[in-house]
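Asker: Read off the chains here:
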Amino acid sequence: MKTFFYTLKQSFIQFGRNLNMSIISIFAITCMLLILSLFFILVINVNTAAETIKGDYDSIEIFLSDKTTPEQAQEMVDDMKTQEGVSDSFYKPKEQAMAEFRERWGKNGYLLDSLEDNPLPNSVVIVIGDLEKADALAEHAATYDGIEEVKYYKSTVDKLLDATKFVQIAAIVIMIFLIIVSIVVVSNTIKLTVFNRAEEISIMKYVGATNWFIRGPFLVEGIIIGVVSAGISLGITHLVYSKIVDVIGDQVYQMLSMPMVPVGFLTVNFAWIFLALGISIGSCGSIISMRRFLDA
Amino acid sequence: MDTIVFDNVTKHYKSNIGIDHVSVTINEGDFVFLVGPSGAGKSTFIKLILNEIDADSGSIKIRGHEVVGMSARKVPVLRRNVGIVFQDFRLLPKKTVFENVAFAMEIIHKPKKQIQKHVPQVLTMMGIADKADKYPDELSAGEQQRVAIARAIVNKPKVLIADEPTGNLDPDTAWEIMQLLNQINQRGTTILMVTHAKDIVDKMGKRVIAIEKGRIVRDEYGAYGYQEALEKAEMTFDTVQLRNRDTFKARFRRGGDEE
Chain A
183 MKTFFYTLKQ SFIQFGRNLN MSIISIFAIT CMLLILSLFF ILVINVNTAA ETIKGDYDSI
243 EIFLSDKTTP EQAQEMVDDM KTQEGVSDSF YKPKEQAMAE FRERWGKNGY LLDSLEDNPL
303 PNSVVIVIGD LEKADALAEH AATYDGIEEV KYYKSTVDKL LDATKFVQIA AIVIMIFLII
363 VSIVVVSNTI KLTVFNRAEE ISIMKYVGAT NWFIRGPFLV EGIIIGVVSA GISLGITHLV
423 YSKIVDVIGD QVYQMLSMPM VPVGFLTVNF AWIFLALGIS IGSCGSIISM RRFLDA
Chain B
-15 MDTIVFDNVT KHYKSNIGID HVSVTINEGD FVFLVGPSGA GKSTFIKLIL NEIDADSGSI
45 KIRGHEVVGM SARKVPVLRR NVGIVFQDFR LLPKKTVFEN VAFAMEIIHK PKKQIQKHVP
105 QVLTMMGIAD KADKYPDELS AGEQQRVAIA RAIVNKPKVL IADEPTGNLD PDTAWEIMQL
165 LNQINQRGTT ILMVTHAKDI VDKMGKRVIA IEKGRIVRDE YGAYGYQEAL EKAEMTFDTV
225 QLRNRDTFKA RFRRGGDEE
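Residue numbers (the working numbering), protein chains in the order written: chain A, 183 to 478; chain B, -15 to 243.
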């Protein structure tokens, strides 16, 4: 415990005496974290969009002509339930469709009040359990009498999911590169400070200090740098993302009928991610940069 | 008790010999000078004791502990039990005199109270108590060497190794440092001192081990007595020492007149 406080005290002294280097390191890590956060925001929102779309469209909707009776619709439902790959099927009257539509429009739902008639058709919804069978099911549905249209989005969903996956993988690859780059930058920065102190380290070794005793303050210095950077980037990200949600959140909602990830949720999660990244970049950087001097 | 025992120790470098089949015993309480021309193996001898390098063969025992093949983990412990003083002082530049000496106690986790009490004592003993808050670059060479000695002895090591401790000092200061080392030796610390300073060795009249080409060529009590080696050594003296040599001679002449 005494050693811990000693190390902590020495680290702060070191941090102060090497303020220029510390600031450069903080700047480097903060920049990296900000670029990372950009990708995180993108990935998280793309994921949310993908989930929304998947939930909406893993189904086939058969729009019925107004002449089709609920009994006929019920026959379709029963028939569909016997098909392979169907997990559920139900009749959705036009009133229910309108209610869902209104709900999705949220606070803009009042616009629908001006409609005199409900223009939406009755429909039969088929929830697909096995996406492989979706094509066959859509074809089968098209053979019923009294239908207007079979709405089936599989190819759209597939394309979207492919695109999402691509964005995710690309983002992960870029993030890994960024993390490596920041470790290199930070370890080089710390290496410069260590280089200034190589003589000191050799003296400490002569007097009989263990490697960990010497490394401790440098390690904690790296961690302090990491934590400070994490704090700064988190603050900036929070401000910028709040602004973005304020400005385009509503438009996004209207265009994609999907909400953006809430600011609070994002900030809390980013806090942990940034802290973890900042600390690991800072500490890895300092350990890597000291290795050469301690081996001797 | 035998403090330092070399038993048939050999260390060769790629292109030259470090030391070659050296066997020697230094007893507890000894004050030993290690002399010889540059490149004779004196540095190798010291580096082997501190386990800065490992011997090719043979055995080195420091107070009964084998140093050859020692695991890297134990090296710091070895070094804490062997005080060391260098020609160029090697003080930590960003620490004050007090902090420099305290550092040696901090690394062995001595309580703060003990550090606060013991460091000033040692500084007083070295005659630099009033410099405790100064930084090394504010001190004279002699004062810096006193700090270095204070740091080396603050943990009361049984062995003190001094690698040309007077090499950067003028003769008067050098002699003062020798008096300090002598005091430390009289309190029971074994001292091994590498030096080129013939006058000091002659004046002290202690045990002298002469190394040449990696072998011990002479081991006896008395004087430097080693003319050829001295000449070679003098050729490698740095300019500071060359400059100092004149003052040195002048001082001796003066001293002679007075007697």
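What the hints contain is simulated information worked out from the structure, not anything from laboratory work. One or more of the hints may lead you astray.
[What the hints assert, rightly or not] Facing chain A, according to a computed beta carbon distance under 7 Å, are these residues of chain B, among others: (1) P60; (2) R64; (3) R74; (4) M109; (5) L164.
[Claimed, not checked] The calculated label-pair distances, taken between Cβ atoms and stated as ranges, are: (6) A:W394 to B:Q98: 20 to 28 Å; (7) A:I362 to B:Q163: 56 to 64 Å; (8) B:K(-2) to A:R474: 34 to 42 Å; (9) B:S22 to A:F377: 24 to 32 Å; (10) A:E381 to B:Y(-3): 21 to 29 Å.
[Stated by the list, open to error] With a cut-off of at most 25 Å between alpha-carbon atoms, the simulated BS3-like pairs for lysine-lysine come out as follows: (11) B:K197 to B:K31; (12) A:K249 to A:K289; (13) B:K78 to A:K373; (14) B:K182 to A:K191; (15) B:K45 to B:K197; (16) A:K191 to B:K101; (17) B:K140 to B:K182; (18) A:K191 to B:K31; (19) B:K79 to A:K373; (20) A:K191 to B:K197; (21) B:K197 to B:K182; (22) B:K94 to A:K191; (23) B:K(-2) to A:K191; (24) A:K347 to A:K274; (25) B:K78 to B:K118; (26) B:K45 to A:K191; (27) B:K97 to B:K31.
Cβ atoms here follow ideal geometry from the backbone N, Cα and C, with glycine treated the same way.
Asker: For every hint, state whether the structure bears it out.
Answerer: Here's how the hints hold up against the structure:
1. P60: Hint on P60 of chain B: holds, closest Cβ of chain A at ~5 Å, below 7 Å.
2. R64: 4 Å, holds
3. R74: Since chain A brings a Cβ to about 5 Å from R74 of chain B, closer than 7 Å, the hint holds.
4. M109: 19 Å, violated
5. L164: This interface hint is violated because 19 Å lies over the 7 Å limit.
6. A:W394 to B:Q98: 20 to 28 Å: 22 Å, holds
7. A:I362 to B:Q163: 56 to 64 Å: The hint (56 to 64 Å, Cβ to Cβ) holds, given that I362 of chain A and Q163 of chain B are roughly 59 Å apart.
8. B:K(-2) to A:R474: 34 to 42 Å: Violated, since K(-2) of chain B and R474 of chain A (Cβ atoms, about 21 Å apart) do not stay within the stated range.
9. B:S22 to A:F377: 24 to 32 Å: With Cβ atoms ~29 Å apart, the hint holds.
10. A:E381 to B:Y(-3): 21 to 29 Å: 24 Å, holds
11. B:K197 to B:K31: 16 Å, holds
12. A:K249 to A:K289: 33 Å, violated
13. B:K78 to A:K373: 18 Å, holds
14. B:K182 to A:K191: 47 Å, violated
15. B:K45 to B:K197: Holds: K45 of chain B and K197 of chain B sit about 23 Å apart, inside 25 Å.
16. A:K191 to B:K101: Holds, because 21 Å separates the two Cα atoms, which is no more than 25 Å.
17. B:K140 to B:K182: Answer violated: K140 of chain B to K182 of chain B is near 29 Å, above 25 Å.
18. A:K191 to B:K31: 33 Å, violated
19. B:K79 to A:K373: 21 Å, holds
20. A:K191 to B:K197: 49 Å, violated
21. B:K197 to B:K182: 19 Å, holds
22. B:K94 to A:K191: Distance ~16 Å between K94 of chain B and K191 of chain A Cα, so the pair holds.
23. B:K(-2) to A:K191: 44 Å, violated
24. A:K347 to A:K274: Answer violated: K347 of chain A to K274 of chain A is near 32 Å, above 25 Å.
25. B:K78 to B:K118: It holds: about 10 Å lies between the C-alpha atoms, which stays within 25 Å.
26. B:K45 to A:K191: 38 Å, violated
27. B:K97 to B:K31: The hint is violated at about 34 Å.
Consistency note: the structure conflicts with the earlier hints numbered 4, 5, 8, 12, 14, 17, 18, 20, 23, 24, 26, 27.
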